[in-house]
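Okay, here's what each chain looks like letter by letter:
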Amino acid sequence: MEHAAQAKRWYWQRVSAMVLALCVLVHLVTIVYAVRSGLSGEALLARTRGSVAFAAFYAVFVMACAVHVPIGVARIAEEWLGLGSCAANAAANAFALLLAVMGFTAVYAMVTG
Amino acid sequence: MMRRNGLRAHNHPAWWAFVVHRVSGLALALFLPLHFWALSTALHGAAALDGFLRFADRPLFKFAEWGLVILLALHMAGGVRLLLIEFLPWSGLRKDWIALSCGCGVIAGLAFALALLR
Amino acid sequence: MPTLRVSIWRGRTEGGFVDYDVPRHESQTVLDVVTHVQRHLEPSLAYRFACRVGMCGSCAMTVNGVARWTCRTHIANVADGDRLEIAPLANLPVVKDLVTDMRGFFDKWARAKGRFEGRRTRDDDFARVDPASPARKLADAGIECIGCGVCYASCDVVAWRPDFLGPAALNRAWTLVNDVRDDAQRERLRAVAGDAGCHACHTQGSCVERCPKHLAPAAAIAGLKRVTARAAARGKL
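Residue numbers (my numbering), protein chains in the order written: chain A, 129 to 241; chain B, 34 to 151; chain C, 27 to 263.
Treat the hints with caution; some may be incorrect.
As the list claims (entries may be wrong) - Derived lysine to aspartate or glutamate pairs resembling DMTMM-like cross-links, with alpha carbons at most 25 Å apart:
#	chain 1	residue 1	chain 2	residue 2
1	A	LYS136	C	ASP182
2	A	LYS136	C	GLU40
3	C	LYS239	C	ASP151
4	A	LYS136	C	GLU235
5	B	LYS128	C	ASP189
6	C	LYS239	C	ASP149
7	C	LYS262	A	GLU207
To be verified - Sample of chain C residues at the chain B side, in silico, Cβ under 8 Å:
#	residue
8	LEU118
9	SER180
10	ALA185
11	THR229
12	ALA242
13	ALA248
14	LYS251
What the hints assert, rightly or not - Quick list of simulated restraints, FRET-style, between CB atoms:
#	chain 1	residue 1	chain 2	residue 2	range
15	C	ARG98	B	LEU121	27 to 37 Å
16	A	ILE204	C	ARG50	38 to 48 Å
17	B	LEU121	C	ASN103	49 to 59 Å
18	C	LYS262	B	PHE120	51 to 61 Å
19	B	PHE88	C	ARG109	21 to 31 Å
Rather than coming from a laboratory, the hints here were simulated on the basis of the structure.
Yeah, the Cβ is synthetic: ideal placement off N, Cα and C, and Gly gets one too.
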């Protein structure tokens, strides 16, 4: 059973990576654009407040992160910290939940702030 | 007793690409919760977000942000290389993509630095 | 006559490098050097070799930090000036001096279901396999492995996860996954998936870089990742 779960984890990490590759590209351009025009709370929120496009894009981005990141972190914990695979996967699930909750909160804050 | 490999065994481009991918991934994973937390301050209005942004507007933070932008670009381009290796017909370790990834890191680093200096 | 200063690993569980001076010859291989030391300087030196021509895969050692066949490695290509360091393969228990215990390595071939399981009997006709078919080409790409252990000794994941099957065993499994005559496909996919199997590989590429036969175990492992993930998605793993 565990090897099927591992195969699926590999698959989902790669699928989320494909989504993230596109998201990151857009995000990098956005970062440079935002920094160029000076970072102020009001200037940022003026562009994000009520924006459906911003909310949709970053909701997808957050979701892909929550899938992609914990799987990789669990492998590092196993290989470099010597964590057992059960403990590593449990920690990864908790981390995924944390990233999803914090990420969606951040998107919500930027859209409604 | 088993012997372990040292740097001489590891010293080839694909292994270094792995190290960059792993270290950048780890750094980004640790940064993400902080990033989300910082943006969440907007829940308390533009002034709260502005307060954080002004707190972070100092050389050490800017330098760290610059590093993270470069790591993000490296991790993305290096990740695309891994996807190509795993999903397309085998065409070697795609070292051309390792070079390309380095280029992406340089471009992202320069673009961010120029945007900052403006 | 020019000489070569050779540091050779001596010992079992505990050990260290011992220096020997060996006469330098033209077209000398690392195996020539080890043999010279054993015949003229240190009769108790233990090492393994058989064919001397890159066919048997028994003489692999760590030469100047890198796993290689000693019989096909010229001193001129690896010596650091007049210095040479020779150690047993990494990631395998040392029996004595330059000899490693390769049981774990070969046991993993068995665990990866690296044995052909046919379904035909002597009463059946020959299987007809088109050499130009995509599956046969994939199998052929990895079939020349002689089991020397160089890739296994070069792989970090083997060091980090002691139960990882390793590049050679997974490469062998991939050749059988692509063998249309084989009848143990499902068991094999189960054996090579997961933490101890192909999904543990991070494509560091040391197996590809170091394989003396220029095979690409990382390509085989990538293939296994795809095929096992597809099977898992269909509930057939």
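A quick look at each hint next to the structure:
no., hint, verdict
1, A:LYS136 <-> C:ASP182, "23 Å, holds"
2, A:LYS136 <-> C:GLU40, "43 Å, violated"
3, C:LYS239 <-> C:ASP151, "34 Å, violated"
4, A:LYS136 <-> C:GLU235, "29 Å, violated"
5, B:LYS128 <-> C:ASP189, "29 Å, violated"
6, C:LYS239 <-> C:ASP149, "37 Å, violated"
7, C:LYS262 <-> A:GLU207, "28 Å, violated"
8, LEU118, "6 Å, holds"
9, SER180, "6 Å, holds"
10, ALA185, "6 Å, holds"
11, THR229, "6 Å, holds"
12, ALA242, "6 Å, holds"
13, ALA248, "5 Å, holds"
14, LYS251, "6 Å, holds"
15, C:ARG98 <-> B:LEU121: 27 to 37 Å, "32 Å, holds"
16, A:ILE204 <-> C:ARG50: 38 to 48 Å, "46 Å, holds"
17, B:LEU121 <-> C:ASN103: 49 to 59 Å, "33 Å, violated"
18, C:LYS262 <-> B:PHE120: 51 to 61 Å, "20 Å, violated"
19, B:PHE88 <-> C:ARG109: 21 to 31 Å, "56 Å, violated"
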